[in-house]
Amino acid sequence: MRADIAEKLSEMAKRKNLTLFSLVSEALEQLLKAERRGESLQRIFENHLTLLAAREAGFILIPESLWISLMEKTFESEGKTMAEAWKEAGEWLGRYFKTVDPGLTPQTLAERLVRGILWSISEFTIASGDDGTITMKCIGFRCPPSYTLLLANFLTGLMTALGYGLKSRELARGIILLKFVKETG
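The opening residue of the sequence shown carries number 12 in the numbering used here; numbering runs sequentially from there.
Keep in mind the hints are simulated off the structure, nothing from the lab.
Just so you know, even glycine gets a beta-carbon here, dropped at the ideal spot from N, CA and C.
It is possible that some hints are incorrect.
[Unchecked claim] Capping the alpha-carbon separation at 16 Å, the derived lysine to aspartate or glutamate pairs in EDC-like fashion look like this:
no., residue 1, residue 2
1, Lys109, Glu89
2, Lys193, Asp141
3, Lys193, Asp142
4, Lys148, Glu181
5, Lys109, Glu67
6, Lys178, Asp141
7, Lys190, Asp112
8, Lys91, Glu67
9, Lys84, Glu67
10, Lys190, Glu122
11, Lys148, Glu122
12, Lys109, Glu57
13, Lys27, Glu37
14, Lys178, Asp142
15, Lys25, Glu40
16, Lys190, Asp142
[Claimed, not checked] Derived CB-CB ranges, DEER-like:
no., residue 1, residue 2, range
17, Thr144, Glu40, 39 to 47 Å
18, Met82, Glu18, 48 to 56 Å
19, Lys44, Met82, 29 to 37 Å
20, Ser139, Glu89, 34 to 42 Å
21, Trp78, Trp103, 15 to 23 Å
22, Leu20, Ala68, 39 to 47 Å
Whenever a hint applies, use it, and build me the whole structure from the sequences.
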């Protein structure tokens, strides 16, 4: 173990009124729990930070079936207004998350955010192209067309806040394919 880490652990144990052995045992126990679940501590910690930041940003948890029902009913009469609101929410959240962890690349920030808070997405990939583009693919098997459209607008707003403009967009029920290009100026 590196000396600087050992020193920090020793200080932490003192602050918590624990022995160094009990502190390290507790940490290793959590590592084993994560391993049994097929998770890494780094991924768990990143998800935890994302959820904390989302809560601080005003996010709430709501059952998916209730959310979809409310959204579908509202979309019938307010679709255009909702689409713009979702884009604005994505922009705001992108700007907010840039302040939470300013050292992250736009691609990493977007990936952590989507994986951390958009639980209705069954599959998500984000990739950088050789030409500087970023491509996002989202598949949500339970997503109706209205939610697909709103989610695409949210992601577009998010990437706008991270300095990328929409280059192309393909949507089908539950399928989103977006390509972004770095904005200049």
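* To do: Check each numbered hint against the structure and report the violated ones by number, ascending.
  => 1, 7, 8, 9, 15, 22
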